[in-house]
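Asker: Numbered as in our numbering, the sequence shown ends at 282 without a single skipped number.
Warning: the hint list may mix true and false statements.
Here are the computed distance ranges between Cβ atoms for each label pair [unchecked claim]:
no.: 1; residue 1: 72; residue 2: 195; range: 37 to 45 angstroms
no.: 2; residue 1: 189; residue 2: 58; range: 17 to 25 angstroms
no.: 3; residue 1: 176; residue 2: 152; range: 20 to 28 angstroms
Because the hints were derived from the structure by calculation, they are not lab data.
Idealized CB from N, CA, C, for every residue including glycine.
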Amino acid sequence: MTKSFLNSVVVIPARFESTRFPGKPLEKIDQKPMIQHVYEQASLARRPSEVIVATDDKRIKLAVESFGGAVKMTAKTHQSGTERIAEIIPKLDTDLVVNVQADEPLIDPASIDAAIEPFDSDPELIVSTIKSLATQEELKDSNVVKVVTDHKGYALYFSRSSIPFHKRNNEFQDIFFKHIGLYVYHKNFFDNFSKLLKCELEQLENLEQLRFLYNGYRIKVIHYESKSIGVDTPEDLVKVKRILEKGSKKLADK
29 MTKSFLNSVV VIPARFESTR FPGKPLEKID QKPMIQHVYE QASLARRPSE
79 VIVATDDKRI KLAVESFGGA VKMTAKTHQS GTERIAEIIP KLDTDLVVNV
129 QADEPLIDPA SIDAAIEPFD SDPELIVSTI KSLATQEELK DSNVVKVVTD
179 HKGYALYFSR SSIPFHKRNN EFQDIFFKHI GLYVYHKNFF DNFSKLLKCE
229 LEQLENLEQL RFLYNGYRIK VIHYESKSIG VDTPEDLVKV KRILEKGSKK
279 LADK
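Can you make the complete structure from the sequences, with help from the hints?
Answerer: Right under this line is the structure:
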(Lines of atoms letter the chains of each structure in order from A and count residues from 1; the text may use other names and numbers.)
(Lines give C-alpha, C1' and ligand atoms only; values in the text may rest on other atoms or scores of the structure.)
Protein backbone atom coordinates (compact mmCIF):
# COMPACT_ATOMS: atom_id res chain seq x y z
CA MET A 1 0.00 0.00 0.00
CA THR A 2 1.44 3.36 -1.06
CA LYS A 3 1.69 5.98 1.68
CA SER A 4 -0.09 9.23 0.82
CA PHE A 5 1.73 12.43 1.71
CA LEU A 6 0.16 15.78 2.52
CA ASN A 7 0.13 18.38 -0.24
CA SER A 8 2.24 21.48 0.31
CA VAL A 9 2.72 24.91 -1.25
CA VAL A 10 5.50 27.43 -0.60
CA VAL A 11 4.42 31.02 0.00
CA ILE A 12 7.07 33.76 0.15
CA PRO A 13 5.68 36.85 1.92
CA ALA A 14 7.50 39.91 0.62
CA ARG A 15 7.18 43.58 1.43
CA PHE A 16 9.16 46.54 0.17
CA GLU A 17 8.99 48.73 3.27
CA SER A 18 11.41 47.09 5.71
CA THR A 19 12.47 49.17 8.74
CA ARG A 20 16.08 48.00 8.75
CA PHE A 21 16.59 47.52 5.01
CA PRO A 22 13.92 49.07 2.73
CA GLY A 23 13.57 47.49 -0.71
CA LYS A 24 15.74 44.47 0.07
CA PRO A 25 13.65 41.91 -1.91
CA LEU A 26 14.65 43.79 -5.08
CA GLU A 27 18.35 44.18 -4.22
CA LYS A 28 20.43 42.65 -7.01
CA ILE A 29 22.58 39.61 -6.30
CA ASP A 30 24.50 38.22 -9.27
CA GLN A 31 22.28 40.20 -11.69
CA LYS A 32 19.02 38.90 -10.14
CA PRO A 33 16.72 40.48 -7.54
CA MET A 34 16.97 38.72 -4.18
CA ILE A 35 13.34 37.59 -4.38
CA GLN A 36 14.23 35.63 -7.53
CA HIS A 37 17.01 33.77 -5.73
CA VAL A 38 14.60 32.83 -2.92
CA TYR A 39 11.95 31.75 -5.43
CA GLU A 40 14.34 29.62 -7.47
CA GLN A 41 15.81 27.93 -4.39
CA ALA A 42 12.34 27.12 -3.02
CA SER A 43 11.32 25.73 -6.41
CA LEU A 44 14.07 23.11 -6.10
CA ALA A 45 12.46 21.51 -3.03
CA ARG A 46 10.93 18.09 -3.81
CA ARG A 47 7.77 18.19 -1.73
CA PRO A 48 5.95 21.47 -2.53
CA SER A 49 3.84 21.49 -5.67
CA GLU A 50 3.96 25.27 -6.16
CA VAL A 51 5.79 28.44 -5.12
CA ILE A 52 3.91 31.74 -4.75
CA VAL A 53 5.05 35.22 -3.72
CA ALA A 54 2.55 37.16 -1.59
CA THR A 55 3.19 40.90 -1.62
CA ASP A 56 1.53 44.30 -1.18
CA ASP A 57 3.94 46.11 -3.49
CA LYS A 58 3.53 46.44 -7.27
CA ARG A 59 7.30 46.74 -7.77
CA ILE A 60 7.81 43.31 -6.25
CA LYS A 61 4.85 41.96 -8.24
CA LEU A 62 6.37 43.18 -11.50
CA ALA A 63 9.79 41.76 -10.61
CA VAL A 64 8.33 38.32 -9.88
CA GLU A 65 6.27 38.31 -13.07
CA SER A 66 9.35 39.33 -15.07
CA PHE A 67 11.10 36.05 -14.24
CA GLY A 68 7.91 33.99 -14.68
CA GLY A 69 7.05 33.54 -11.01
CA ALA A 70 3.59 33.26 -9.50
CA VAL A 71 2.47 36.18 -7.33
CA LYS A 72 -0.62 37.26 -5.39
CA MET A 73 -1.34 40.78 -4.14
CA THR A 74 -2.32 41.29 -0.51
CA ALA A 75 -3.34 44.14 1.77
CA LYS A 76 -0.76 46.64 3.03
CA THR A 77 -1.93 46.40 6.63
CA HIS A 78 -0.28 43.08 7.52
CA GLN A 79 2.34 43.22 10.28
CA SER A 80 3.90 39.81 9.64
CA GLY A 81 4.49 37.23 6.95
CA THR A 82 2.01 34.85 8.54
CA GLU A 83 -0.71 37.49 8.45
CA ARG A 84 0.00 37.97 4.74
CA ILE A 85 -0.27 34.21 4.15
CA ALA A 86 -3.51 34.06 6.14
CA GLU A 87 -5.14 36.38 3.58
CA ILE A 88 -4.49 34.05 0.65
CA ILE A 89 -4.85 30.67 2.38
CA PRO A 90 -8.56 30.31 1.42
CA LYS A 91 -7.50 30.42 -2.23
CA LEU A 92 -4.91 27.64 -1.89
CA ASP A 93 -5.76 23.98 -2.44
CA THR A 94 -3.22 22.48 -0.06
CA ASP A 95 -2.78 20.69 3.27
CA LEU A 96 0.42 22.47 4.29
CA VAL A 97 1.81 25.95 3.68
CA VAL A 98 5.55 26.59 3.82
CA ASN A 99 6.45 30.14 4.80
CA VAL A 100 9.86 30.94 3.30
CA GLN A 101 11.07 34.41 4.19
CA ALA A 102 11.91 36.72 1.31
CA ASP A 103 15.34 37.55 2.74
CA GLU A 104 16.72 33.98 2.54
CA PRO A 105 18.41 33.84 -0.90
CA LEU A 106 20.60 30.90 0.20
CA ILE A 107 17.74 28.81 1.59
CA ASP A 108 18.53 25.11 1.17
CA PRO A 109 15.71 23.38 -0.76
CA ALA A 110 16.32 20.21 1.26
CA SER A 111 15.64 22.12 4.49
CA ILE A 112 12.12 22.82 3.20
CA ASP A 113 11.55 19.11 2.65
CA ALA A 114 13.03 18.37 6.10
CA ALA A 115 10.56 20.75 7.77
CA ILE A 116 7.63 19.13 5.93
CA GLU A 117 8.60 15.54 6.74
CA PRO A 118 7.40 15.42 10.41
CA PHE A 119 3.82 16.05 9.25
CA ASP A 120 3.85 12.65 7.48
CA SER A 121 3.94 10.76 10.77
CA ASP A 122 2.26 13.18 13.20
CA PRO A 123 -1.39 14.03 12.41
CA GLU A 124 -1.50 16.39 15.41
CA LEU A 125 1.38 18.58 14.24
CA ILE A 126 0.42 22.17 13.42
CA VAL A 127 3.69 24.12 13.04
CA SER A 128 7.31 23.17 12.30
CA THR A 129 10.53 25.04 11.63
CA ILE A 130 14.31 24.54 11.31
CA LYS A 131 17.36 25.13 13.50
CA SER A 132 21.09 24.96 12.75
CA LEU A 133 24.17 25.25 14.94
CA ALA A 134 25.10 28.87 15.63
CA THR A 135 28.59 30.33 15.55
CA GLN A 136 29.97 32.53 18.32
CA GLU A 137 29.61 35.53 16.01
CA GLU A 138 25.95 34.70 15.33
CA LEU A 139 25.22 34.38 19.05
CA LYS A 140 26.23 38.00 19.54
CA ASP A 141 24.20 39.22 16.53
CA SER A 142 20.68 40.36 17.46
CA ASN A 143 19.62 39.96 13.83
CA VAL A 144 20.19 36.21 14.15
CA VAL A 145 17.33 34.56 16.04
CA LYS A 146 18.27 31.83 18.51
CA VAL A 147 16.11 28.94 19.73
CA VAL A 148 16.08 26.42 22.58
CA THR A 149 14.00 23.23 22.55
CA ASP A 150 12.80 20.47 24.86
CA HIS A 151 13.92 16.83 24.70
CA LYS A 152 11.29 16.06 22.04
CA GLY A 153 12.42 18.89 19.77
CA TYR A 154 9.64 21.36 20.52
CA ALA A 155 10.50 25.04 20.93
CA LEU A 156 10.76 26.42 24.44
CA TYR A 157 11.71 29.94 23.38
CA PHE A 158 13.07 32.05 20.54
CA SER A 159 15.17 35.15 21.16
CA ARG A 160 17.44 37.70 19.57
CA SER A 161 19.64 37.35 22.65
CA SER A 162 22.13 34.56 23.20
CA ILE A 163 20.24 31.63 24.73
CA PRO A 164 20.83 29.61 26.80
CA PHE A 165 23.04 31.67 29.14
CA HIS A 166 26.42 29.98 29.60
CA LYS A 167 28.22 30.93 32.82
CA ARG A 168 31.47 29.51 31.42
CA ASN A 169 31.24 31.63 28.29
CA ASN A 170 34.85 30.94 27.41
CA GLU A 171 33.77 27.40 26.54
CA PHE A 172 31.81 27.29 23.32
CA GLN A 173 29.79 24.11 22.88
CA ASP A 174 27.49 22.67 20.24
CA ILE A 175 24.35 23.55 22.20
CA PHE A 176 23.62 26.93 20.67
CA PHE A 177 21.21 26.99 17.75
CA LYS A 178 19.97 29.63 15.35
CA HIS A 179 16.53 29.66 13.78
CA ILE A 180 16.35 29.34 9.99
CA GLY A 181 13.72 31.53 8.30
CA LEU A 182 11.01 29.10 7.34
CA TYR A 183 7.86 27.61 8.87
CA VAL A 184 5.49 24.90 7.80
CA TYR A 185 1.85 25.34 8.88
CA HIS A 186 -1.00 22.89 8.65
CA LYS A 187 -3.89 24.70 6.96
CA ASN A 188 -5.96 24.18 10.15
CA PHE A 189 -3.61 26.60 11.91
CA PHE A 190 -5.23 29.48 10.06
CA ASP A 191 -8.72 28.65 11.32
CA ASN A 192 -7.90 30.42 14.58
CA PHE A 193 -4.89 32.53 13.64
CA SER A 194 -6.78 35.84 13.60
CA LYS A 195 -8.00 35.15 17.15
CA LEU A 196 -4.54 34.59 18.65
CA LEU A 197 -3.69 36.98 21.46
CA LYS A 198 -0.66 39.17 20.83
CA CYS A 199 1.85 39.34 23.68
CA GLU A 200 4.53 41.67 25.00
CA LEU A 201 7.23 39.08 24.31
CA GLU A 202 6.42 39.17 20.60
CA GLN A 203 6.58 42.97 20.58
CA LEU A 204 9.79 43.15 22.63
CA GLU A 205 11.67 40.59 20.54
CA ASN A 206 9.87 41.44 17.28
CA LEU A 207 9.32 37.71 16.69
CA GLU A 208 5.87 36.58 15.62
CA GLN A 209 6.50 32.92 16.57
CA LEU A 210 6.38 33.95 20.23
CA ARG A 211 2.68 34.66 19.68
CA PHE A 212 2.23 31.00 18.72
CA LEU A 213 3.97 29.77 21.88
CA TYR A 214 2.08 32.28 24.03
CA ASN A 215 -1.22 30.90 22.74
CA GLY A 216 -0.26 27.30 23.47
CA TYR A 217 0.85 26.08 20.04
CA ARG A 218 3.75 23.61 19.99
CA ILE A 219 6.38 24.29 17.34
CA LYS A 220 8.38 21.29 16.18
CA VAL A 221 11.99 22.34 15.51
CA ILE A 222 13.97 20.13 13.13
CA HIS A 223 17.77 20.11 13.38
CA TYR A 224 19.05 20.58 9.84
CA GLU A 225 22.49 22.00 9.16
CA SER A 226 21.88 24.84 6.73
CA LYS A 227 24.34 27.49 5.54
CA SER A 228 21.56 29.94 4.82
CA ILE A 229 22.10 33.58 5.78
CA GLY A 230 19.12 35.84 6.34
CA VAL A 231 19.63 39.30 4.82
CA ASP A 232 18.63 41.72 7.57
CA THR A 233 21.20 44.43 6.84
CA PRO A 234 23.30 45.70 3.89
CA GLU A 235 26.26 43.96 5.55
CA ASP A 236 24.44 40.62 5.29
CA LEU A 237 23.85 41.29 1.60
CA VAL A 238 27.61 41.71 1.09
CA LYS A 239 28.21 38.33 2.78
CA VAL A 240 25.68 36.61 0.53
CA LYS A 241 27.16 38.18 -2.59
CA ARG A 242 30.62 36.92 -1.64
CA ILE A 243 29.31 33.38 -1.08
CA LEU A 244 27.51 33.31 -4.44
CA GLU A 245 30.54 34.80 -6.21
CA LYS A 246 32.72 32.02 -4.79
CA GLY A 247 30.19 29.45 -5.96
CA SER A 248 30.07 30.94 -9.47
CA LYS A 249 33.88 30.99 -9.63
CA LYS A 250 34.09 27.29 -8.68
CA LEU A 251 31.63 26.41 -11.43
CA ALA A 252 33.56 28.49 -13.95
CA ASP A 253 36.81 26.76 -13.00
CA LYS A 254 35.39 23.28 -13.68
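Asker: Now, for every hint given, state plainly whether the structure supports it.
Answerer: Hint check:
For residue 72 and residue 195, the hinted distance range of 37 to 45 angstroms is satisfied, since their beta carbons lie about 43 angstroms from each other. At roughly 34 angstroms, the beta carbons of residue 189 and residue 58 sit outside the given window of 17 to 25 angstroms. Hint check: residue 176 to residue 152, Cβ distance near 22 angstroms, so the stated range 20 to 28 angstroms holds.
In this structure, the one hint that does not hold is number 2.
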